[in-house]
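*Asks:* All chains should be built: construct the whole structure from the sequences, respecting the hints.
Take a look at the letters that make up each chain.
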Amino acid sequence: MSAFVRTPVEAGASRVKPPSGARRSIDSRTRVSCLLVSASLALAGLSLAPAARAQDGRGEAGPQRQPQLTKPPKMSRFVEAEYPAAEKAAGKTSSVVLEIAIDDKGKVQDAVVVTSGGKVFDDAATAAAKQFGFEPAEIDFKPAPVKITYRYDFTIKVEKAGPVVNFEGVVKNRFTKKPLAGITIQVDALPPVKTDDAGHFELVGVAVGAHKVVISGPGLATIETDETIEAGKKLEVKYAVESQEELAEGEERPDVEVVTVGTRIQKQSSSTAIDASEGRRVAGTGGDTLKVVQNLPGVARAALGSGALVVWGAAPQDTRVYVEGVRVPLLYHMGGFRSTINSDVVRGIELSPGGYGAQYGRGLGGLVTVDLRALRSDGVHGYVSSDLIDGSAMVEAPLDGKTRVAIAARKSWLDRTLALFTSKDVSAYVPIPSYWDGVFKIERDLRPNESVSFVVLGSGDTLVRTVPNVDPAQVKSEQNDLSYWRTMLLYRRQFEDGSSVFLTPSYGRDHTRTLSRFGGAPTDLDVRSEDFGLRAGHRAKVSPLLTTTVGLDFEATRSDLSRVGAVTLPPREGDIHVFGQPPGDQVNADDWHTTLGSVAPYVQGDFTLFGDRLHVTAGLRLDAFVTNGSRVTPVKGDTPAIGFTHQETFLEPRLAVRFQASERVTLKGAFGVYHQSPLAEDLSAVFGNPNLGIARATHLLLGGAWKPLDGVSVEATVFGSKSSNLASRSASETPLLAQALVMEGEGRAYGGQILVRKELAKGFFGWVSYSMIRSERLDHPGSTWRLFDYDQTHVATLVGSYDLGRGWELGARVRYTSGFPRTPVIGAYFNARRDLYEPYFGAQNSTRIPPFFAVDLRLAKRWILAAGSGAEGQGADAQARQPTRLEVFLDVQNVTNQSNREDVVYDYAYRTRDYITGLPILPVLGARLEW
Amino acid sequence: MVGERATSLLVAACATVVLASAPGCQPDFAARASSVVQERVLAVRSEPAEAAPDQAVKLTALVVDPSGTRKTEAIDWAFCTRPKPLDELDDVSIACFQRTADWIVPLAVGPAVEGKLPLDACRQWGSDVPEPLPGQPAGRPADPDSTGGYFQPERLVIGASGSYVLALGQTRLVCGLPGATRDVLEEFKKTYTPNANPILADVTLATAGGAALPLPDVDAAVTGEPPAPTIVHPGEPVSLVVSWPACDAPPCGGAEPYPYYDLQQHALVARRESMRVSFFASAGSFRDDRVGRGEDERETSVENGWTAPASADVAATGGLVHLWFVLRDARGGVTFRGATVQVQ
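Quick mapping for you: the protein sequence lines, in order, are chains A and B.
The letter at position 126 of the first sequence is residue 106 when you use our numbering, and the numbering goes up by one with no holes.
In short: position in the second sequence from 1, add 235, done, that's our numbering.
Hints in this document: simulated from the structure, not taken from any laboratory.
Zero decoy hints are in this set.
To be clear about the criterion: a stretch of chain B counts as covered by chain A if any three or more of its residues have a C-beta under 8 Å from a C-beta of chain A, and this derived list gives those stretches: (1) 502 to 514; (2) 558 to 565.
Result set (DSS-like, lysine-lysine): computed pairs, CA atoms no more than 27 Å apart in a straight line: (3) B/Lys424 x A/Lys616; (4) A/Lys742 x A/Lys54; (5) A/Lys158 x A/Lys742; (6) A/Lys122 x A/Lys54; (7) A/Lys738 x A/Lys841; (8) B/Lys425 x A/Lys616.
Just so it is clear, the structure is predicted and the values come from calculations on it, not from any experiment.
Even for Gly, the Cβ is constructed at its ideal location relative to N, Cα and C.
*Replies:* This is the structure we're talking about:
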């Protein structure tokens, strides 16, 4: 009804247009408009308040100087008057002239009728005017109260029949908020339009249905997004992009990343999406976008030296990570220093702690999806970056008009830089991993709205350390190798009717080796896997109320495994032990092969009801699991091995509901059933159980989101999850053959989380999150529920980053978490054969490590070393060339030098208890050069 | 052993601000395994060191306190027959330390006892398949230690209500090989010699620039006066050398060679015992708590440093300091010796 419109997706980002020329048709029938006679708020209609005059009189001798209006008030908030119903029905129109008093803060103090338009119109206009907001006027360059005259017209206009504008929007610079002119908007095969000086664009008569929108222009890498036009409605959007517009001297362009906000489709009911450019600025992440996941609500702080991702109380291996729909085995390198995927090829990362849709499965816990960004076609770009931990570089370039390529690589050198500051022997006590990762991507546009990409991801970690000792029984050595490769082909096509298809075949290899020796007791676990995957889907709007997605998700992993060592090493979740406790010296060995596969067709329907206020997303996934192994019993003499194959099929319903209760309030809920194959490592006839079946989990969540202010959102979620058929160690004193593990475990997690988030505006973004989660396990029927080893009941995080101007940026992160549960040692006995004490324990996980608290800061300064060229018409090479920039940053972790306790340790006889403390203040200096 | 050298390295590491390391900093505990400040069990010896089920063994414990070896300690000995569940990480279930239970087979009370190993020891603790429970399939045999051994546990309890000293002794069992072929099993039986306890051939003490003096075994003196203690000066660093005989073929008192059944290759592999010496003292401090020789080392002795205590620290005992040396081989054999030095 109003000429002052809001974007439908992002209510908080409503834009107020200049009062003049604000009319725009939004309804095909009738329209009520308000005309502002004094819309420009020209001086002709303005009178200075007496108070303002008095303020300016300073009692100086001589003739008084008349105060000068140096800045008129500017309307910042318009409220539409309610058209009196009876008058509207009778077709009556009117105008009311008001005098509005505005104080020096820009607030309306009073509004009085100067020229009446009739009482009911006067009342409506006065009520609306009192809610206006202004930027204060200035008299002699100081804010001052003023009065203005204002005319409010009540008119009824009948719209012309025929095609109307049903898709319009505005394109702005994401950081400066300035509108971008000359940006091309192309919707499917319709003639492209360009944005005007106000960044505005509009299209007439766009067909109802889903459409692919391509945004391109000088200094802008082409980006694509999907929009849906509904019958009888106009879609209004806001695109905030990061452009490479020419900058004033001393002004820094924040980033080259291109992101869309406001129109992004919310894929999951409970998820937090972080754009790459924001994530890079979070303190404590070392500029690594993907590490920001560790700071999102519902995620426990990883133990020191661990990159484990514990989401909503689920085991780390239960949360799955996908890159463009292809599973990768780990998100972070050993020690959690870096992610295994270069941030500069990432468009965004989304964490769904639970209740996600039918496209994904095979995991009992959360879901992390990483989207790769489109490559740039406007010349050769790249970066080189280095800090104390590692160095990385990337180059991307167009090969021709349709093909683009990028390659990125990273190599750690912390293991070497450490040697500069410490003696060589120190590294023997400190697990410093050596890692690398790389990305290769080539993408080609086949036809309009059709593209294919080939991506190779690779990552490798090695950790070697030896603790020498004059006693051979005390010599400790450890070597961990972990690497993976993924190759994937990404085919995407969008049809003219708005439907789309995608196809992603993938192949990969994983290798994990854990080799350790404590005295004479070896542990060697070697797992080599081949991973095959295929993802395909079709999305279409089959009716105005229903959008469907039909797809297939196939995944298979063939593994060759070899293991030597103690059954109890490495410890499993639920094993009662203390840090530093020597492992048992009883050993065994096994070699086996497994193939774990699953084919999962799925269908998902998104029902749009009550005028887009209610979304019901119902999905069904049929997951057929196949578990194959080479040996069902341990080796015995010359007896040939007997293999096994299990097949289980499950129907997994998924349901998500989102209800737009008001313009600023959204309610949501979700439910889902999930299944997960056993780990290949657990299918050993010696160390595990070849007959382990499929574990099951259900998720239920309820929540709501409120946007109290533009760019500020508050989101609260409560959830519960239950899991069953979990593998746990046999508690029997006489375990059966090939049943070292049994499928008797159960889990439950429940809690809530709240996230208050300020989106990037005026150089600032940040969030505060708090999660209260309780996660428990029942190892065997009849036993008692205990705290999960990774339970962190309270997790609070504050993250903020502010652009100080002139290239300076300051970020901070504050974290508080509960300590992990631990089992107290209540005594010890002397094991005379091994010449060591062995502890005995109290109630499992009945104590905790003290809470963790840390403040991290990040200070960055950017310089433009060579200005870019943003001019058009200078040839393709010269178009929108990005300036060469240098960034130097200092990431200081634990600035307060808090002595955080990370784990409990005991003396040799378990008589005295103390703690391992975490990192002291840790400054990491780095630099990044990009062009 | 995390000796002083290692501890100082850790401290140095943690003091370095740029130590961008994962594990943080470990505390430095004052207590050291080599310091005898209260009553402790230092070793439990089975004679023979390796025996078959139903075979008689003699069990002896070395129990000490700061005043010396407690030769007449009332130790409550018992065999434990209750296997350990796989979800417990210790060598035995804590249930083995109950005074009485169905799975506790009492032996006797005293400083040393004799008894027969349980007949079903190899089923409970060894490579034999455990007796299946009614209606259940076969159970899972125990896993051998890293030398291929299986052990019958003995629990030792010293003291009455309120204050216990608990210790676990283990006698190596003569059992079969898990999953081996008949040929391998026969070869193993032909070539394997049950382990023998090592022999502590000599212990010498040398001051800086001085000659090495033998330290007599004070606990071996059954009758008569114990040998006169060796004299050292307060705070004086000395060198202690513990040696054992060379061994080319078993049985012998040194590092014995033995065939080991490799569970991965399913074949016999020739190995040799590693040897380790644990040092204990009622006062003063050792450089290392334990010193040993690996499987590949053919030396038959180890050296350790010991710094004599200050006079004030041993005034209560008239300057007398007790030392103990426990020699273990990798397969569970053990021997020990006590000595005294006079700090003056």
